[in-house]
Amino acid sequence: MRARAAVFGLAALALAGQAPFVQTTAAGDRLRPLPAPRFRRGAPPPGPAVAVRLGEPRQTVEGFGGALTEASAWVLAQLPPARRQEVLDLCFGPGGAGFTLARVPVGACDFSVEGRWSYDDHPGDEALAHFSIEPDRRGFKDARDPAYALLPLVKDALAREPGLRLVASPWTAPAWMKDNGAWYGEGRGGALLPRHYDTFARYMVRYLQAYRDEGVPIWAVTPENEPGGNGGQWESMEFTPEALSDYIGLHLGPRLKAAGFGGVRIIQYDHNRDAAAVRFTEAALKGPAAPYVWGTGVHWYERTRDAGADVLDRLRALAPQWTLLHTEGCVDALADEVNAPGGRFLGWRNDAWWWTAGAADWGHRWAPEADRADHPLYAPALRYARDMLTGLNHGLAGWIDWNIVLDRRGGPNHVGNVCGAPVMVDTAAGEVYVTPLHPVLAHLSRYFRPGDRVLAVDAGGGLLAAAARDGAHLKVVIHNPGDAPVAYALRAGRAWARVAIPGRAIQSVRVPLRGLDGPRKR
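Residues -16 to -1, 1 to 506 in mature numbering (1 follows the signal peptide of the UniProt record, and there is no 0) are what the sequence shown lists, from first letter to last.
Hints are computed from structural coordinates only; laboratory data are not their basis.
Even glycine gets a Cβ: it sits at the ideal position worked out from N, Cα and C.
A few of these clues could be false.
Straight line, CA to CA, 27 Å or less: simulated BS3-like cross-link-like pairs of lysine-lysine [as the list claims (entries may be wrong)]: (1) Lys270 - Lys241; (2) Lys139 - Lys241; (3) Lys125 - Lys139.
Label-pair distances were calculated between CB atoms; the ranges are [as the list claims (entries may be wrong)]: (4) Ala456 - Arg22: 16 to 22 Å; (5) Arg289 - Arg498: 27 to 33 Å; (6) Pro434 - Gln305: 50 to 56 Å; (7) Pro65 - Gly199: 18 to 24 Å; (8) Lys270 - Arg67: 33 to 39 Å; (9) Gly414 - Asn323: 19 to 25 Å.
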């Protein structure tokens, strides 16, 4: 199974499309088409059921996808052009996952090849006369294709999915705009100096203009990635909740509007599902940011024991008018095993690793002792499925993974913060490994498309499920995290179908609404 997944993953995953019924399992199925469930009228027999309430539409789907980073561009630059195109098709093409959301770092982040740079590294240049996105155009000297870079990657993704929604996120302002005069270090990332709030807002306008001039429209921005900071481990910049509201409401929002970018959505917060998410949201609602904010972005690094549904519910209750998006998550904290002498990533060409509860996040090793119980070992494929399905049922409108592709060690990352990814590449051998994360993501990204309405759903028998509808079809994704198979009744309207799902599996069903005889509200 492991060799087949590594060698034939690209071709096998491109066959299914949006079939009526597909399945991915720990046993080796990857988006395998199955006979469509046969619906019948009447009451189903007693037993586990997944019941979709067709007449209870909820939030509108914004999409699913991953991040386009300099690290991903570097890895793709090591591949022959034909194989690179296969990987991009796998992520963004109609025969692949069909990603419709992508996050792009604004300047350097930990997944930059070298780091510690911005688009204007000329101290005191408040007029931004030296601003340039040339670093995003410039390729990598040691690459097979030295001309390939971040901006060409973004354009390649857009060529495959013209409706791709790009979310731009800065990790830091130029160091000269910050109170510590540094990118990061000594336990903190530093804070934006108040006198440079407007400078940095104009910097973001220049970024939007430069990308627009390259034919790349930015759909949304987050004012700052992880404003709570990361302990100064890599590029970062801290804001208090009130300071972030002031920056958005008094500078970023007005500057975007004045420059003709009023339609670019502002997604506040962009950090973990924790108590800080509530504090930042309350400050944005009460402060000057409120008229400019479109949504709230959340990450998943606060805990692995659950999907943080309680926090999502609180955020939705606080600001029902704002869209909730998951803007980052990944299989993190691989550095201990990868960076040790002779170390290697155990998940390389090893499907079983992704389905087994052996992955440790940062908190499993480094969280305060009182918080360790929030960070048990987890199975990456199962965590991805749980997080997306639970999130949809608690208000999330979309879900963005971190890097779409990394090398076989989970990099490059200029501070060694290596992670897993849907696609991983042995850049020396030119071998591509499509990890189980890719088909799990595709179960959502292929079936739940922008504009669909999420529906209320009840799931029993230990199953998780989410449902959505477009004008003509009902789409349901079902996940069995347990080891034992479950036979369940899939109910919608006045119809039901008998379905069986293996242990540690995920299924996607697409069925015409006609004949289900349920209410047709949109």
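Verification of the supplied hints:
For the hint pairing Lys270 with Lys241, the CA-to-CA distance comes to about 21 Å; that is within 27 Å, so the pair holds. For the hint pairing Lys139 with Lys241, the CA-to-CA distance comes to about 25 Å; that is within 27 Å, so the pair holds. Our distance criterion of 27 Å between C-alpha atoms is met by Lys125 and Lys139, whose separation comes to about 21 Å. Ala456 and Arg22 have their C-beta atoms about 19 Å apart, which keeps the hinted 16 to 22 Å range intact.
Distance hint check for Arg289 and Arg498: the Cβ-Cβ separation is about 42 Å, which falls outside the suggested range of 27 to 33 Å. About 19 Å separates the C-beta atoms of Pro434 and Gln305, a value inconsistent with the hinted range of 50 to 56 Å. At roughly 21 Å, the beta-carbon separation of Pro65 and Gly199 lies within the given 18 to 24 Å, and the hint holds. Taking 33 to 39 Å as the suggested C-beta distance range, the pair Lys270 and Arg67 does not conform, at roughly 52 Å.
At about 24 Å, the CB distance of Gly414 to Asn323 agrees with the hint of 19 to 25 Å.
When held up to the earlier numbered hints, the structure conflicts with 5, 6 and 8 and fits the remainder.
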